[in-house]
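Quick mapping for you: the protein sequence lines, in order, are chains A and B. To convert a position in the first sequence, counted from 1, into my numbering, add 21. To convert a position in the second sequence, counted from 1, into my numbering, add 21.
Careful, some of the hints might be misleading.
One copy or two, it doesn't matter: identical chains are merged, so the pair holds either way.
Said to hold, decoys possible - Calculated pairs, DSSO-like style, for lysine-lysine (alpha carbon to alpha carbon, straight line, at most 27 Å):
#1 304 to 374
#2 292 to 393
#3 293 to 371
#4 371 to 292
#5 371 to 83
#6 366 to 292
#7 292 to 374
#8 374 to 293
#9 304 to 371
#10 293 to 366
Derived from the structure by calculation, the hints contain no laboratory data.
There are 2 protein chains.
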Amino acid sequence: MEIKEYIELHQQRFLDELCGLLRIPSVSANPGHKKDMKAAAEFLKDRLMDAGVDHAEIMPTKGIPVLYAEKIINTSLPTVMVYGHYDVQPADPVELWNSDPFEPVIKENKIFGRGADDDKGQLYMHVKAFEYLVKTNQLSCNVKFIIEGEEEIGSPSLKEFCKQHKELLKSDIILISDTTMIAQDTPSITVGLRGISYLEVDVTGPNRDLHSGLYGGAVINPVNVLTKMIASLTDNNNSVLIPGFYDDIILVDEEERKQLSRAPFNSETFKKSIDVDEIGGEKGYTTLEHIGLRPSLDVNGIWGGYTGEGAKTIIPSSAHAKISMRLVPNQNSMNIDKIFTEYFKSLAPKGVKVNVRSLHGGEGYLAPLDSKAYHAASKALEKTFGKVPVPIRSGGSIPVVADFEQVLGVKSILMGFGLDSDAIHSPNENFPLYNFYKGIETIPWFYKYFTA
Amino acid sequence: MEIKEYIELHQQRFLDELCGLLRIPSVSANPGHKKDMKAAAEFLKDRLMDAGVDHAEIMPTKGIPVLYAEKIINTSLPTVMVYGHYDVQPADPVELWNSDPFEPVIKENKIFGRGADDDKGQLYMHVKAFEYLVKTNQLSCNVKFIIEGEEEIGSPSLKEFCKQHKELLKSDIILISDTTMIAQDTPSITVGLRGISYLEVDVTGPNRDLHSGLYGGAVINPVNVLTKMIASLTDNNNSVLIPGFYDDIILVDEEERKQLSRAPFNSETFKKSIDVDEIGGEKGYTTLEHIGLRPSLDVNGIWGGYTGEGAKTIIPSSAHAKISMRLVPNQNSMNIDKIFTEYFKSLAPKGVKVNVRSLHGGEGYLAPLDSKAYHAASKALEKTFGKVPVPIRSGGSIPVVADFEQVLGVKSILMGFGLDSDAIHSPNENFPLYNFYKGIETIPWFYKYFTA
Numbered sequence: 022m023e024i025k026e027y028i029e030l031h032q033q034r035f036l037d038e039l040c041g042l043l044r045i046p047s048v049s050a051n052p053g054h055k056k057d058m059k060a061a062a063e064f065l066k067d068r069l070m071d072a073g074v075d076h077a078e079i080m081p082t083k084g085i086p087v088l089y090a091e092k093i094i095n096t097s098l099p100t101v102m103v104y105g106h107y108d109v110q111p112a113d114p115v116e117l118w119n120s121d122p123f124e125p126v127i128k129e130n131k132i133f134g135r136g137a138d139d140d141k142g143q144l145y146m147h148v149k150a151f152e153y154l155v156k157t158n159q160l161s162c163n164v165k166f167i168i169e170g171e172e173e174i175g176s177p178s179l180k181e182f183c184k185q186h187k188e189l190l191k192s193d194i195i196l197i198s199d200t201t202m203i204a205q206d207t208p209s210i211t212v213g214l215r216g217i218s219y220l221e222v223d224v225t226g227p228n229r230d231l232h233s234g235l236y237g238g239a240v241i242n243p244v245n246v247l248t249k250m251i252a253s254l255t256d257n258n259n260s261v262l263i264p265g266f267y268d269d270i271i272l273v274d275e276e277e278r279k280q281l282s283r284a285p286f287n288s289e290t291f292k293k294s295i296d297v298d299e300i301g302g303e304k305g306y307t308t309l310e311h312i313g314l315r316p317s318l319d320v321n322g323i324w325g326g327y328t329g330e331g332a333k334t335i336i337p338s339s340a341h342a343k344i345s346m347r348l349v350p351n352q353n354s355m356n357i358d359k360i361f362t363e364y365f366k367s368l369a370p371k372g373v374k375v376n377v378r379s380l381h382g383g384e385g386y387l388a389p390l391d392s393k394a395y396h397a398a399s400k401a402l403e404k405t406f407g408k409v410p411v412p413i414r415s416g417g418s419i420p421v422v423a424d425f426e427q428v429l430g431v432k433s434i435l436m437g438f439g440l441d442s443d444a445i446h447s448p449n450e451n452f453p454l455y456n457f458y459k460g461i462e463t464i465p466w467f468y469k470y471f472t473a
Numbered sequence: 022m023e024i025k026e027y028i029e030l031h032q033q034r035f036l037d038e039l040c041g042l043l044r045i046p047s048v049s050a051n052p053g054h055k056k057d058m059k060a061a062a063e064f065l066k067d068r069l070m071d072a073g074v075d076h077a078e079i080m081p082t083k084g085i086p087v088l089y090a091e092k093i094i095n096t097s098l099p100t101v102m103v104y105g106h107y108d109v110q111p112a113d114p115v116e117l118w119n120s121d122p123f124e125p126v127i128k129e130n131k132i133f134g135r136g137a138d139d140d141k142g143q144l145y146m147h148v149k150a151f152e153y154l155v156k157t158n159q160l161s162c163n164v165k166f167i168i169e170g171e172e173e174i175g176s177p178s179l180k181e182f183c184k185q186h187k188e189l190l191k192s193d194i195i196l197i198s199d200t201t202m203i204a205q206d207t208p209s210i211t212v213g214l215r216g217i218s219y220l221e222v223d224v225t226g227p228n229r230d231l232h233s234g235l236y237g238g239a240v241i242n243p244v245n246v247l248t249k250m251i252a253s254l255t256d257n258n259n260s261v262l263i264p265g266f267y268d269d270i271i272l273v274d275e276e277e278r279k280q281l282s283r284a285p286f287n288s289e290t291f292k293k294s295i296d297v298d299e300i301g302g303e304k305g306y307t308t309l310e311h312i313g314l315r316p317s318l319d320v321n322g323i324w325g326g327y328t329g330e331g332a333k334t335i336i337p338s339s340a341h342a343k344i345s346m347r348l349v350p351n352q353n354s355m356n357i358d359k360i361f362t363e364y365f366k367s368l369a370p371k372g373v374k375v376n377v378r379s380l381h382g383g384e385g386y387l388a389p390l391d392s393k394a395y396h397a398a399s400k401a402l403e404k405t406f407g408k409v410p411v412p413i414r415s416g417g418s419i420p421v422v423a424d425f426e427q428v429l430g431v432k433s434i435l436m437g438f439g440l441d442s443d444a445i446h447s448p449n450e451n452f453p454l455y456n457f458y459k460g461i462e463t464i465p466w467f468y469k470y471f472t473a
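Just chain A, with the same shape it has in the complex (with noise of 0.2 Å):
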């Protein structure tokens, strides 16, 4: 059977299923989804042995687990080992969501539901396409799962189980859906992926809340003093300011700039879909560069002293900032985080305490395009798109793409079906279903020309 006939059989129970998956809220930042975390592992690991895998474990890590999954037909055969996560981002802000983030609903022929692209959708379609290739005995090679559950907090425990499961988790590639495609009629690959260094700053003053009458003017206000410090980070050309910061940068030759510039991009639809007039970045480079080849540096969250309704007349005790950079191939996750702290606390004026620490790390990735899987991917996807795909560099993050090639010496193929409108991270996040079974259509025949 064609997998194109197999979908159609089965289109209703595949999204079933992902809905499934989708109402549980696998939030990995927030501790008190522990539950829901196993819950999620489990759900997928039933899935998996409905599909066909001889064996499947959810396996401990020093965080969350890990779920494990083979299937060995031949160890002569090559093994393609499939990677994903089962966690999600946080909610928030919950109010602006048009539905339950947890409770998926098909509107527009797109699933909207916190996960729906960002990985649960994009996973799941490999499961699929693998219970494809099982049901209809055209199983080529050995396949491999491992699907973690700490991908959107920096994927603490990955590399070190790596390190402890090296024979287990052999295979000859690694391939990923967590990546976006240009557009729905143009495919694409992803070649590139920054790095990134998230951290936590903390700027205390006073030991307690202080009354900004009887004190103004006289007391140090931490959250003064860390708008000061953080607007030195970068200039008003939105380069970085820390000694350092671009040492390690290969810089992009001209030619590779002008391939990378061959993918569609139109600013007036981009600043459309965010609804902005001016779009920012250093000067010099284009937007697409500016995601893709230049590092940057982001405050995700701030806050500090009074924030609820009216006005309290406070000098806040202490001020507090999430602040992270995306990192390009060759910076040093570990190094940025120590020039960062170090130039941060010099800011720091006398009479106010610096606390930094980091959150999260991981290294950026360049993948070759003269590779058999580069070929494979290309080849599958030309063959469900009918157009060759474009290889493109993200600005995203995947750091256990970087550690799997540092550890188990294996590299990555990044063929993903999101589209930049899947609002993932964001409030009504969704996967258009278009997407979603093209991704089980194209997976099958990546198997095919790999193993070809």
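Once you've looked at the hints, dock chain B against the given chain A.
Below, chain B alone, put in the same frame as chain A:
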């Protein structure tokens, strides 16, 4: 009967009654406390009736009602009008309190609870001093009480209320205990107050939180922008950079600076009391001058993006802050609102939307030292403390004091019994029982000397 004896006889009842008032969480900043506002006003109305007013009435305003009460013994005698407020600051951050903010406890001869000093404790001294004068037939003048429920949110309705009830509020002096004294053994009278301009600002960028990987570097981050804008409001010397900000200030001459500097102040004790190793403030001024003579600008609260546990990789859609400026006499709060707004908006880069709105404002106040009321207060404090009180300029704001002068044409006398260590507006607000009873003891002497 002497006042000291009366206090001795009734001290437990006085304290129990105050505890009853402190148990009512009359937080004006939070509309959810509407019922509590009413309960606090009713409580005080009943106690004033018990104490002997002829008439007490909870009178509507466009906001939270005013409690008015009076005892008119002879219209040809002078009238003292007592002002106070029955609303309190929010108790946040509640987790830093050692006991329930709304379940008062006595520890180390202090009463702990939100409002213990500001202003329920200080206001209640007046109710009990009045009770003494009535019950012992020693009242020598007419007395009015005007007790509002919106002081902590800037008294938005009281000015209009005064305009509507000019006749009812006719008086010769307004007596207020809502300020501090220098120390338990050093009485003082507040002769200057700062004004205030309190605003909330919003900076909005993209129409939703964006993935910081897929957009980071290409999109203007409203939190990054807000920090730069706030950082540009002051220089590194803590001077305010808003054009025109200092224009209307009347510089205090050297002679007056010398007089005010007689107030005892120890910077080591000050630093220790708030646990900082460095004091802030404009160069060229002392700490007492920073607080009493100079305007200030403080961020009272800031928020935006993800502030929960762990790492969420977003570019926030918007960022917000509450910013207030303490003003000195002759600075006009509405003008300051205006020039702040103009300057703040001018700091915004293209690509973000900025919104600024005033939450409240009020003018500063200066009281003459050569008035009958000042002399009466000075003699009363000398009588009970054995020391001539020191005139001080407070950094706090009681906007109604300027309003009373403007609308009713009546000066106020600020005879405060609080201490800096009372932690008003902070967790663990408290009021020493010594000060509470000393206040009750002193107030009847003020009436005596003022009407002599």
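Taking the hints in turn, this is what the structure says about them:
no.	hint	in the structure
1	304 to 374	between (35 Å within a copy, 22 Å between copies)
2	292 to 393	neither (37 Å within a copy, 68 Å between copies)
3	293 to 371	between (45 Å within a copy, 15 Å between copies)
4	371 to 292	between (42 Å within a copy, 13 Å between copies)
5	371 to 83	neither (39 Å within a copy, 46 Å between copies)
6	366 to 292	between (36 Å within a copy, 22 Å between copies)
7	292 to 374	between (40 Å within a copy, 14 Å between copies)
8	374 to 293	between (42 Å within a copy, 15 Å between copies)
9	304 to 371	between (34 Å within a copy, 15 Å between copies)
10	293 to 366	between (39 Å within a copy, 23 Å between copies)
Checked against the numbered hints above, the structure breaks hints 2 and 5 and satisfies the rest.
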